[in-house]
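> The letter at position 45 of the sequence shown is residue 45 when you use UniProt numbering, and the numbering goes up by one with no holes.
The hints are simulated quantities; they were obtained by calculation from the structure and are not laboratory data. Wrong hints could be hidden among the right ones.
Computed list of lysine-lysine pairs in BS3-like fashion (alpha-carbon distance at most 30 Å, straight line) [to be verified]:
1) K132 to K60
2) K124 to K6
3) K30 to K124
4) K132 to K73
5) K6 to K102
6) K132 to K102
7) K71 to K6
8) K60 to K71
9) K71 to K102
10) K6 to K132
11) K6 to K60
12) K124 to K102
13) K6 to K30
14) K30 to K60
15) K30 to K132
16) K73 to K6
17) K60 to K124
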Amino acid sequence: MTSRTKHYTSDEIDVYFHPDRCTHVSECVKRLPSVFNPNNRPWVNPEQGTSDEIAYVIEKCPTGALEYVRKDKGIGEMPPENTIIEPQPDGVYFVTGNLHIKQDEHTIHCTRAALCSCGLSSNKPFCDDSHKENRK
1 MTSRTKHYTS DEIDVYFHPD RCTHVSECVK RLPSVFNPNN RPWVNPEQGT SDEIAYVIEK
61 CPTGALEYVR KDKGIGEMPP ENTIIEPQPD GVYFVTGNLH IKQDEHTIHC TRAALCSCGL
121 SSNKPFCDDS HKENRK
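Throw the hints in and build the complete structure from the sequences for me.
What follows is the structure in structure tokens.
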């Protein structure tokens, strides 16, 4: 986790947000706005949902910007047996699996990531939406 990682907690679940990996796909906001609402401060409120709902929605985040740790003895996120790479129309690669991603001198262990394919990201190998700015 980076120093920019935000931590939100409830009795049942801890939610971690990595803003440097978020590309605003908005799966969280669309699927569970009672918990994930960018108009609220804090924008993540795990008290407003069940751990099952929150875990389900976080696992739909293709960038890995959201992660969770269950405190209710529920099952945590399980990566797929095989790594899956899904090219997106805008050039981003959504990757799921048991990932070990090198970034500078660190290795990040995660199950979901959005990887840059345009070469413009300032957060390589992760996408930071720089490709959208380049199109203007």
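> Determine for every hint whether it applies to the structure shown.
Structure-based check of all given hints:
no.: 1; hint: K132 to K60; verdict: holds (22 Å)
no.: 2; hint: K124 to K6; verdict: holds (20 Å)
no.: 3; hint: K30 to K124; verdict: holds (27 Å)
no.: 4; hint: K132 to K73; verdict: violated (41 Å)
no.: 5; hint: K6 to K102; verdict: holds (21 Å)
no.: 6; hint: K132 to K102; verdict: holds (24 Å)
no.: 7; hint: K71 to K6; verdict: holds (18 Å)
no.: 8; hint: K60 to K71; verdict: holds (20 Å)
no.: 9; hint: K71 to K102; verdict: holds (29 Å)
no.: 10; hint: K6 to K132; verdict: holds (25 Å)
no.: 11; hint: K6 to K60; verdict: holds (19 Å)
no.: 12; hint: K124 to K102; verdict: holds (9 Å)
no.: 13; hint: K6 to K30; verdict: holds (20 Å)
no.: 14; hint: K30 to K60; verdict: holds (11 Å)
no.: 15; hint: K30 to K132; verdict: holds (21 Å)
no.: 16; hint: K73 to K6; verdict: holds (23 Å)
no.: 17; hint: K60 to K124; verdict: holds (22 Å)
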